[in-house]
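Protein chains: 2
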Amino acid sequence: MSEASQRPEARSPRGFVDRRARDLAAEREILTRVSAVYERYGFEALDTGAFEYADALGKFLPDADRPNEGVFALQDDDEQWMALRYDLTAPLARFVAQTWETLPKPFRRYAFGPVWRNEKPGPGRFREFVQCDADTVGSSRPEADAEIIAMAAEGLGAAGLPTGGYVVKINNRKLLNGLLATAGVSSEGQKLAVLRAVDKLDRLGADGVRLLLGEGRKDESGAFTKGAGLDAKAAEAVLAFTAAGAASRSETLDAIARVIGGSAEGDEGLAELARIDAALKGLGVGADQAVFDPSVVRGLEYYTGAVFEAELLLQTTDDKGEPVRFGSVGGGGRYDDLVARFTGERTPATGFSFGVSRLASALRAAGRNLGREVRGPVVVIAFSQDDMGEYFKLVGELRAAGIPAEVYLGASGMKAQMKYADRRLSPAAIMLGGDEVAAGTVTVKDLDLGRELSAGVTDNAAWRAERPGQQTIPRAELIPALRRILEA
Amino acid sequence: MSEASQRPEARSPRGFVDRRARDLAAEREILTRVSAVYERYGFEALDTGAFEYADALGKFLPDADRPNEGVFALQDDDEQWMALRYDLTAPLARFVAQTWETLPKPFRRYAFGPVWRNEKPGPGRFREFVQCDADTVGSSRPEADAEIIAMAAEGLGAAGLPTGGYVVKINNRKLLNGLLATAGVSSEGQKLAVLRAVDKLDRLGADGVRLLLGEGRKDESGAFTKGAGLDAKAAEAVLAFTAAGAASRSETLDAIARVIGGSAEGDEGLAELARIDAALKGLGVGADQAVFDPSVVRGLEYYTGAVFEAELLLQTTDDKGEPVRFGSVGGGGRYDDLVARFTGERTPATGFSFGVSRLASALRAAGRNLGREVRGPVVVIAFSQDDMGEYFKLVGELRAAGIPAEVYLGASGMKAQMKYADRRLSPAAIMLGGDEVAAGTVTVKDLDLGRELSAGVTDNAAWRAERPGQQTIPRAELIPALRRILEA
Numbered sequence: 001m002s003e004a005s006q007r008p009e010a011r012s013p014r015g016f017v018d019r020r021a022r023d024l025a026a027e028r029e030i031l032t033r034v035s036a037v038y039e040r041y042g043f044e045a046l047d048t049g050a051f052e053y054a055d056a057l058g059k060f061l062p063d064a065d066r067p068n069e070g071v072f073a074l075q076d077d078d079e080q081w082m083a084l085r086y087d088l089t090a091p092l093a094r095f096v097a098q099t100w101e102t103l104p105k106p107f108r109r110y111a112f113g114p115v116w117r118n119e120k121p122g123p124g125r126f127r128e129f130v131q132c133d134a135d136t137v138g139s140s141r142p143e144a145d146a147e148i149i150a151m152a153a154e155g156l157g158a159a160g161l162p163t164g165g166y167v168v169k170i171n172n173r174k175l176l177n178g179l180l181a182t183a184g185v186s187s188e189g190q191k192l193a194v195l196r197a198v199d200k201l202d203r204l205g206a207d208g209v210r211l212l213l214g215e216g217r218k219d220e221s222g223a224f225t226k227g228a229g230l231d232a233k234a235a236e237a238v239l240a241f242t243a244a245g246a247a248s249r250s251e252t253l254d255a256i257a258r259v260i261g262g263s264a265e266g267d268e269g270l271a272e273l274a275r276i277d278a279a280l281k282g283l284g285v286g287a288d289q290a291v292f293d294p295s296v297v298r299g300l301e302y303y304t305g306a307v308f309e310a311e312l313l314l315q316t317t318d319d320k321g322e323p324v325r326f327g328s329v330g331g332g333g334r335y336d337d338l339v340a341r342f343t344g345e346r347t348p349a350t351g352f353s354f355g356v357s358r359l360a361s362a363l364r365a366a367g368r369n370l371g372r373e374v375r376g377p378v379v380v381i382a383f384s385q386d387d388m389g390e391y392f393k394l395v396g397e398l399r400a401a402g403i404p405a406e407v408y409l410g411a412s413g414m415k416a417q418m419k420y421a422d423r424r425l426s427p428a429a430i431m432l433g434g435d436e437v438a439a440g441t442v443t444v445k446d447l448d449l450g451r452e453l454s455a456g457v458t459d460n461a462a463w464r465a466e467r468p469g470q471q472t473i474p475r476a477e478l479i480p481a482l483r484r485i486l487e488a
Numbered sequence: 001m002s003e004a005s006q007r008p009e010a011r012s013p014r015g016f017v018d019r020r021a022r023d024l025a026a027e028r029e030i031l032t033r034v035s036a037v038y039e040r041y042g043f044e045a046l047d048t049g050a051f052e053y054a055d056a057l058g059k060f061l062p063d064a065d066r067p068n069e070g071v072f073a074l075q076d077d078d079e080q081w082m083a084l085r086y087d088l089t090a091p092l093a094r095f096v097a098q099t100w101e102t103l104p105k106p107f108r109r110y111a112f113g114p115v116w117r118n119e120k121p122g123p124g125r126f127r128e129f130v131q132c133d134a135d136t137v138g139s140s141r142p143e144a145d146a147e148i149i150a151m152a153a154e155g156l157g158a159a160g161l162p163t164g165g166y167v168v169k170i171n172n173r174k175l176l177n178g179l180l181a182t183a184g185v186s187s188e189g190q191k192l193a194v195l196r197a198v199d200k201l202d203r204l205g206a207d208g209v210r211l212l213l214g215e216g217r218k219d220e221s222g223a224f225t226k227g228a229g230l231d232a233k234a235a236e237a238v239l240a241f242t243a244a245g246a247a248s249r250s251e252t253l254d255a256i257a258r259v260i261g262g263s264a265e266g267d268e269g270l271a272e273l274a275r276i277d278a279a280l281k282g283l284g285v286g287a288d289q290a291v292f293d294p295s296v297v298r299g300l301e302y303y304t305g306a307v308f309e310a311e312l313l314l315q316t317t318d319d320k321g322e323p324v325r326f327g328s329v330g331g332g333g334r335y336d337d338l339v340a341r342f343t344g345e346r347t348p349a350t351g352f353s354f355g356v357s358r359l360a361s362a363l364r365a366a367g368r369n370l371g372r373e374v375r376g377p378v379v380v381i382a383f384s385q386d387d388m389g390e391y392f393k394l395v396g397e398l399r400a401a402g403i404p405a406e407v408y409l410g411a412s413g414m415k416a417q418m419k420y421a422d423r424r425l426s427p428a429a430i431m432l433g434g435d436e437v438a439a440g441t442v443t444v445k446d447l448d449l450g451r452e453l454s455a456g457v458t459d460n461a462a463w464r465a466e467r468p469g470q471q472t473i474p475r476a477e478l479i480p481a482l483r484r485i486l487e488a
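Protein sequences appear in the order of chains A and B. Under UniProt numbering, the first residue of the first sequence carries the number 1, and numbering increases by one thereafter. Under UniProt numbering, the first residue of the second sequence carries the number 1, and numbering increases by one thereafter.
Among these hints, one or two may not hold up.
Note that the list lumps identical chains together, so a pair holds whenever it fits in one copy or between two copies.
[As the list claims (entries may be wrong)] The calculated lysine-lysine pairs, modelled on DSS-like cross-linking and capped at a C-alpha distance of 25 Å, are:
1) K218 to K191
2) K415 to K105
3) K105 to K393
4) K200 to K233
5) K105 to K445
6) K393 to K445
7) K415 to K445
It is worth saying that the hints were derived from the structure and are not from the lab.
Using the sequences provided together with the hints, build the complete structure.
Have a look at this one:
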């Protein structure tokens, strides 16, 4: 083999991405702002390790050689299987089970960090992404759900979504359970089929879902999907339930009460929603931020009580500028049996989770990208090795004034240095030749102006007058001049 | 099997830790402050994925079944071996090789995030920890080293180390190489033995190192360590070199010039240090922050030019209050052949890296723990379900005023609620009974005071007069009262 062919190819593994400054700045800003909200709500930070034992993650299959379905797993020296966490809930359950006796209860924690899914990567589908979760463990009160909902709404607002640009939709698993009990449906398979049918409301409308709730439905291609097998009356009751959403939470409660019949579980679900409504009112969360919506079924299989889904309402556009429906930007709910996997005891818990990159994408798609624009540093052009000391003194002054700055440290000439500054999105390049050092002056080239002119954003002649592209000024005036460029 | 024995045990994998709010707050504050410094220096953020292909990491052994020496590796669906990154330099090399044509050059990036080492865990030795790196790729100028050094020093200061509490020690591989060339030593094995001997200066002193530079040394147990095999004159030259550190950088340069003899490589190393010194002077970095120290050899095997080591000078104590020498809190240097693994072309690079938890430990050990104290929320005691709306209104007001607050949401009585607030390190508990709601008042219990009294920090009688442990006040006065407690 030649030496070259022995060299590894430089490529990142499939489904993993390198993220540059612009994306990172937006995601860090989201996490900083959301963390501040969560801490104001009394949630404390927790960070667990990347690995969990596979049995603790619940992905260990006794029959399989490797527990690698959906997770990245490997065997430790002592033969135990470990896997990278696929969400932040499973590590929380393990942590809580492990430390329960020592924790203040209820235990309120938030966490963010990467999670890993061993799935087929595709466009926009990554095998590593950052999640941000908040959960209350050890409270069965519906008010704990309400706090999570209020906090999710406030967090999304802090992340940059305007009021009215998103809404948290709330449902409760017990309502549909109660409705189906009244209709005589008790098999889990049938319940699941009902949930799957209702989940297609957006796509198929009430008529399509009616078929799926009953015997089944043939699609355009002729393929037949078997239905849930409800009788006509039960199917109508389910459809009436899913349509019970109204403008205000209390109207929706009334509408639900009229359709779900008087089962014990349904009444319990209604009572829980009523308490959530009261707590949200106390917290000042109106219908512009949180509504009851019986058509929300995502996660109902998993959750045991209240379910939340945060939906983006803002108009968004795709890469080609076409309007697209963005959909969910987070979700959660009450799950009372996760810790029981370890302890055998049911421990009430409720939480909310969102994908940080996905929220950043939503904000970008809605033209609401957060935070400071990522700017390059002011670049001091390196003309002569002899003046390096002067260049460094200058960048030291700029940095001390809070202005990012650097001396060009490559080996190229003036033109390449200017190109470098432009590619870094530098606001300005500074020229400090021997004559200027002697005269106590400095020449500033406004690169922002150059970019605006070449993009046709500004009128050339009008701007030239008051904003010269390049000017030689006394050194004492440099920092104010740079601030004017940065703030322009 | 019984149901209980089928339950997984709740435990975290060996060598992985759960980190709670206090540690996380300190580490996040370090990263926030250091990032701000690095960005002022014109370094841009980069985040690569957790996995790299094993061949790109340089840990793939063609003979071995699994490339698992020191790394966590697993095979992807397509049979390619991937491994979790063990540092942030290898992913940088891969990224730079992959994107070189599109990057602004020199490329200056900083990064932080977890790295993973598949090593035997032990006390204080973890298999996952957070590193923070900054590197300049594509500049062979010694001024690029100087920038890294200045930035490391400023970053450590921003992280909480006081001036004089740490120092960046600088050496250059070329100096010792030149010295040994003059002494006729050219074998890599002998050079390595010299480095290992010099690395023991702290522990063995000059006499012990003299033996290790020559034929060898027998320790107290009688075990013999073979030496580097230098003749007496060469050994003395090495020892004189390592002792050439002086109070100022220019004096050290003079002292080194006197001892290393006139080899081409040694002169090159000296010239590089002189340019580093000039740039550091321009940047205002004095001998209180960065010194030349020829006794620094750690990493000399790996680096190709300048080497940096940041050492803590502050007095530190261990858990028992005993003084301990903390040592290094970070290091780096110039490595000109890392990208060449992929491209076949030497690409000059220089950088600095520190462990975030280790720096946090250093700050803690020196009594300089950073950032805000981690406080619990103000806890509103839950007396009655009927008043829940009032409680939530109150916490909403406190949160809007920036005061972390929560309603107790467990099922326990008054005493357990107070205990909960105490364990959360809440500054205050608030009681809002029916009478108080009617009267527009609120009762505040100062839990900080309680903790101070029980710790014997304050004089009971004197404090009671001006700082009542519990007081009932008009609701409009609540926020100012809480601020007084928080600021006390």
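Now for the hints, and whether the structure bears them out:
1. K218 to K191: Result: close within a single copy only, 21 Å intra versus 79 Å inter.
2. K415 to K105: This pair counts as between: shortest inter-copy Cα distance 13 Å, intra-copy 64 Å.
3. K105 to K393: between (56 Å within a copy, 22 Å between copies)
4. K200 to K233: Within one copy only: 20 Å inside a chain, 86 Å across chains, cut-off 25 Å.
5. K105 to K445: between (60 Å within a copy, 20 Å between copies)
6. K393 to K445: within (19 Å within a copy, 55 Å between copies)
7. K415 to K445: within (13 Å within a copy, 68 Å between copies)
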